[in-house]
Every structure is written in C-alpha cells, then in structure tokens.
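Peer 1: Residue numbers (the working numbering), protein chains in the order written: chain A, 503 to 725; chain B, 41 to 313; chain C, 3 to 224.
Since the hints were derived computationally from the structure, they do not count as laboratory data.
These numbers were taken from a predicted model, which means no experiment stands behind them.
The reader is advised that the hints may include incorrect statements.
[As the list claims (entries may be wrong)] Cut-off 20 Å, straight-line C-alpha distance, at most; resulting in silico cross-link-like pairs (SDA-like, lysine to any residue):
| id | chain 1 | residue 1 | chain 2 | residue 2 |
| --- | --- | --- | --- | --- |
| 1 | A | Lys-661 | C | Glu-157 |
| 2 | B | Lys-299 | B | Pro-94 |
| 3 | B | Lys-270 | B | Lys-299 |
| 4 | A | Lys-661 | C | Tyr-60 |
| 5 | B | Lys-283 | B | Thr-67 |
| 6 | A | Lys-661 | C | Arg-65 |
| 7 | C | Lys-89 | A | Thr-679 |
| 8 | C | Lys-89 | A | Arg-687 |
| 9 | B | Lys-48 | B | Gly-114 |
| 10 | B | Lys-283 | B | Lys-250 |
| 11 | B | Lys-179 | C | Phe-17 |
| 12 | B | Lys-57 | B | Asp-80 |
| 13 | A | Lys-661 | C | Glu-62 |
| 14 | A | Lys-661 | C | Asn-153 |
| 15 | B | Lys-270 | B | Glu-243 |
| 16 | C | Lys-89 | A | Ser-683 |
| 17 | B | Lys-179 | C | Arg-137 |
| 18 | A | Lys-661 | C | Ile-168 |
Listed here are the chains, written in short residue letters.
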Amino acid sequence: MFDWRWDFTLNILPRLIEATGNTLLAAGIGYAIAVVIGLALALAQRTPFRALTLAVREAVEFIRSTPLILQIFFVFYVGPQFGIRLSPWVAGMIAIGLHYASYLSEVYRGGLDSVPRGQWEACAALNLSPARTYFRVIIPQALPPSLAGMGNYLVGIFKDTPMLSVIGVAELMHTATAIGSESYRYLEPYTLVGLIFLAISLPSAALIRAFEAWVRKKLGMTR
Amino acid sequence: MTDQDMSKYPLRLADDKVPMVRFMNVTKRYGDLVVLDSLDLDVDEGEMVTVIGPSGSGKTTVLRMLMTLETINGGVIYVDGEPLTHMEKGGRLVPADRRHIRRMRANIGMCFQHFNLFPHMTALENCMEAPVHVLGLPKAEARDRSIELLGMVGLEDKVDQHPARLSGGQQQRVAIARALAMRPKVMLFDEVTSALDPEVIGEVTNVIRKLVDQHNLTMLMVTHQMGFAKEISDRVCFFYDGKIEEQGPPSEIFGSPQKERTQQFLSAVLEAG
Amino acid sequence: MMSYSAFLTEYGPRFLDGATVTAIQTVLAAILAIVIALVAGLMRLSANVVPRWVATTYIEIFRGTSLLVQLYWIFFVLPLFGITLEKFTAGFVAVGMNLGAYGAELVRGAILSVPRGQWEAAIALNMTGAQRMRRIILPQAMVIMLPPWGNLLIELLKGTALVSLIAVADLMFEAKQINGTTFLSAQAFGTALIIYYAMARFVITPAMRGLERRMRRRLSRA
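Input sequences plus hints: build the corresponding full structure.
Peer 2: Here's what the structure looks like:
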C-alpha cells in the first residue's frame, strides 16, 4: 500500500514505543500540576478579596485564549533572557501544566457553582470550619459534575504533548520527526504516531466515562 | 407479519358506507409491553369521538398512531377508505412507504398537549409555514387563509406575536389554527387543555365547540375534562389496559355506565373534581 | 537594551503582517470547520448506517489524535498519496478538519436537544424530512449551539498557531523569527501573546455574543 515498508515499520516501532513512554510521562506530570494549580486558581476566585478574584479571572482568561505552543516558547526562551535556564522538560511541564490548570479551574468553578446554596448555609448553621465545609461537604458534591470535564482534559493534555517537541522534549512527535529527517521517510513514522494516539485516546475516553459512572454510583448520586 | 395475516384486510374499504377512520385489529407494543391490543374502532365522517381512560390505558397512542407518529405492530388503519399504515402493491397490502404516508398524512391534523408551536416564527408564520412549503400555496393565499383562521380562534390582534409572548390558551388556539390551515379531514386533539391554567381552558374549549357546531370535521379527542367530553361528544370511548372497555353516547357512558371499571374510573375522576 | 517602544516601532509591521495571516487562516479554517461540522453532525444523525459510520469514523480519528499530528500528516504524508497541498492551504485545512470534528458533536448535541414536540408538530404538518430539519429544527439548534461555538472558535484561533511549524508566516511564525534575530524573547513572544488574546477577547467573543443576541431576538425568547 502506497510504498508502505513493513521492515522499516518494525525497525522504528521500538523507538516510537519508547517515546510513547515519554509522552505519557509528560501528560501525567502536566496533568498532576494542572489538577493542583487549577484547584488553587478556582478557590482563589472564591475569596472575599475582589481584586484577587478579578486578577486570577483575567489571568485564567488570558492563558485560555492564547496558543499553548506560544506559551511553551515563551516559558522556554524568556528564562535565559533573565539568566534562568530551564530544561525543555521543566519549561514544557510549566507551560502545559499552567495551560491546563486554567482549563481545569473553569471545570472546578462549574462544579462548585453546581452545589446548591443551601449546602453552604447548612454548613454555616452547623458552624463548620471553612476547611471542613470545603473538604467534607462542598468538594465531594462538586466532584461528580466536574469529572466529565476533568476526563476530557486528561485526554486533551495527552493530545497536546506533541507541541512539546518544538522545544526538544523527546516525546512521540519529536522522535517521529527525527526518524523522518534521518531516513527521509515520513509515511510510516507519522502514520504510526497517529495510530498510537488513537490506540491510547479512544480506550481512555471510554475508560474515563466508565470511571465517572463508577464514582457517581459510589457516592450514591445515581438512583 | 405473514401474507396469510394480511389477506383478511381489504385493499380499500367497500364504497357503500365508509367510515372516515377505521382501526382494524391494531396492536401496538413497546418491547413486551402491549399498549394497544387488537383495537377495532370506527369514526364516521363528521363525528366527534372522545377517548377517556386512566393514564397508561393507551388513549394517547391511538391518536399518535393515526398521526403516524408511532408505527403499529399489527393490524391496519384506514383513513377515508384507504389504508394509512399500509399500501397496495401487487394486489396485497404491504407496509406503507414514506411517499404513501406523506400523501395520507395530508388528511390529518393534530393539536398537542404542549402546543409545540415553532418558537422562531410569529403566530401568522406558524400558520403559513406548512400551507406554503408543504401544500405549495401562494404566500398571499396562505396568508389570507391563516389570518381568517386566526380570526376564527379570536387572535386577529396577535398575528405578529411570537409564541413566547402569548399565554398558554392563546398558544393552543394558534396551534388549532395552524392545524386547520392544512384543511385536514380529521382533527386530533391530544389533551389540549391539560397544560393550561384553569382560567384559560374555556378559550380553547370554546374554539373546539365552534368547530363542532360549524364544520363537518371528523374529530378524535383525548381529554381529562369529563364535563366537556359529555357536552360535546357524539360518542365516548373508555379505554382500559389497551382495550376499549366500553363505548357509547355520552349520556349512557356518563349517565349509566355498564362496566364496573368505567364506574370506578368515573367516580374517581368526578370525586377528584 | 532596546526599549519596548523602539522594539514595537521596529517590528510592529511584522507582527501586523503575521496577525493578518493568522486572521485569514482563522477565517478560512472556521468556514471549513462549520461546513464539516454541519455535514458530519447531520450524517451522525442519519437513519442510514453508512453515512453514520463514515461520520463517526471521521470524528473519532480527528478527535482521537493531535492537531499537530494531523497537520504534519496532511503536509508531509498526503503528498505520497498524490495529494500535495501548498503549506498555506495545508494549514487551514488541518485546523478546519480538526475543529470541524469537535463542531460536529456540538451540531449533533444541539439538534438532539430541540424538544421532541417540535419534530412531532412538523411531522403532523406533513413536512418532509429536509423541511423539518431546515425550517424547524436547525434554526432552533443554532441558538442552542452558539455559546459553545464561541469557545470552539477560540480553540480554532489558537490551533492556527501550529501552522507556523510548516512555515506559514503567521503571527506565531513572525514572533519566532523576531526572537531568533533579536533574542528579545519576552518582547517577541509576549507581544504575540497579547495580540492573540486581543483577537480572542475583543473580536471573537464580542462577535459571538452579538450573534447570539441577534439569534435569540429572532427566536423572540424574551
């Protein structure tokens, strides 16, 4: 088929699979950063300090509406200008982690907003501390409606990792491009990259949906 | 369904006395649940038949099948002597294709519990939409016809309003005008007053009353308003568990029901007021 | 060190050129995405399995892989199949096809959320399937899907930044070039970030809000 070479395919497959490990690692670290920073960004918008709320809101808006690839370049190149050297991995994780933190903060915000006012009032009436209110009452209820969005962004961050290749993170896309420029063959590496992405993201999406249903059931939120 | 089964259904009804609507041995199932069980029901031209019964008795399904919103699982429905759910092919009845259904559907109009007016069109546009785009009437003619009908339902001053600006009673009257604009032979009213506030029910029942008095329309109505059914119907059918338990003129059904279930149902709804 | 105003005087025109290319890429990709979304979204709802299956496959492939992978595939691999797209075309085609797959799901969801009664009323008025869709369902679905389309168009704008990687001279590309010659990374990339933000926040978002208001008024849902 269209000059597809199987020997070449088998030859490069181990390298690509190894690079897939890096892709998954990058997605995992980036997501972990995003989950935590995202929560901080969401909670920062619920403090009584209006200036802080507005500043965080605007920052989230800014990060969400500008291209991730540009942010990756920005983080990677601006450091050295001021004498701070970041490795491609560190710069990449900061950029992608912050980008997805801004998405996740919106997901959390939606989840928190979906908790009825009466729940807060009940906590106040019971004189629960703010920490206890959040962690024991509000967040458990805000979680299930947030899960679908969180799952989508987990798959999303995985699919955005190829952008890290532009600053030299040796993930899948970077490896495929390297193979292409060594061998002058792009058909097999780029097609395989596409197939690897499909093979991971399609089952993941299904798995996430199943997990979401399981959590809802576990929390007794479905009939 | 085998050919053997279909042979007992005529290709069209004999000419001497043809009912406007005939349900012949009609069955409707959802999975294992039998909603209608071998229903036989004739409605004559110009007759007003009211269908009453507890919820889940299949009464709304009768109308929805006639409007072809539901398929049927057995039997044949005829409209004006011609099969609706089936068509003739090589001397036998086969399930109707889309074209046949569209041709036959032109005979039937329907009003719904929740009006289902098109929210992006004014009252007048709602009425003109199908006459222009389905019947192919010139716009001016469709407009005249629609304005006349909107006048008939008492809404001449609301023609340019969108549904969101109309009360429930007004919306339902627009819906009646919209259905009539297609000049159907049979009109179906599916619980048209159930979603209305009590004080506006009269607006809608008055329009239906007017239709009964002034037009020779064949009508089938599902309602929970026993008083209105009693006053306006030529015949009342009491449905129970997918079957007609009892039917007759309203004086008999409401005055001296024969079956125990009819008596129970009527005393329950009359008690509830 | 060069002052920022001197930097802008020197490189402003190049940022402007790049922003123009980004705007053109965005508009062309958006048109393609809207057409694909409508066609694929409707095919997903077809009663016939063949169009349904074709659309589902398309959507799963384009949503299951990365835009960057698709862009490289279209630009570097497609020529091996005899289809060579010039880089400018390959750029907006990749972005449009990718976002079109996401848009198709929005179209489908919006159509399905038009109340059942609207379909039934259209059937009762004996409209054909095409008339029902075009005159009754789509106008209502349009209003439902406009807000998520606003977000999608911002994603699309962001997506066009990737075309710089196949050397389309868009805003991202110019920023990289300027960074390469001046090493003023904060100024080069920062200015580009601000321009992208302005395009999203002060062009796309207000335009979509305005469109939404107009549509809603036409639907007259007070």
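Peer 1: Each hint needs a verdict: does it hold in this structure or not?
Peer 2: Hints versus structure:
| no. | hint | in the structure |
| --- | --- | --- |
| 1 | A:Lys-661 / C:Glu-157 | holds (14 Å) |
| 2 | B:Lys-299 / B:Pro-94 | holds (15 Å) |
| 3 | B:Lys-270 / B:Lys-299 | holds (18 Å) |
| 4 | A:Lys-661 / C:Tyr-60 | holds (17 Å) |
| 5 | B:Lys-283 / B:Thr-67 | holds (10 Å) |
| 6 | A:Lys-661 / C:Arg-65 | holds (9 Å) |
| 7 | C:Lys-89 / A:Thr-679 | holds (17 Å) |
| 8 | C:Lys-89 / A:Arg-687 | holds (19 Å) |
| 9 | B:Lys-48 / B:Gly-114 | holds (12 Å) |
| 10 | B:Lys-283 / B:Lys-250 | violated (31 Å) |
| 11 | B:Lys-179 / C:Phe-17 | violated (54 Å) |
| 12 | B:Lys-57 / B:Asp-80 | holds (17 Å) |
| 13 | A:Lys-661 / C:Glu-62 | holds (13 Å) |
| 14 | A:Lys-661 / C:Asn-153 | holds (18 Å) |
| 15 | B:Lys-270 / B:Glu-243 | holds (18 Å) |
| 16 | C:Lys-89 / A:Ser-683 | holds (18 Å) |
| 17 | B:Lys-179 / C:Arg-137 | holds (16 Å) |
| 18 | A:Lys-661 / C:Ile-168 | holds (19 Å) |
The structure does not agree with the numbered hints 10 and 11 stated previously, though it agrees with the rest.
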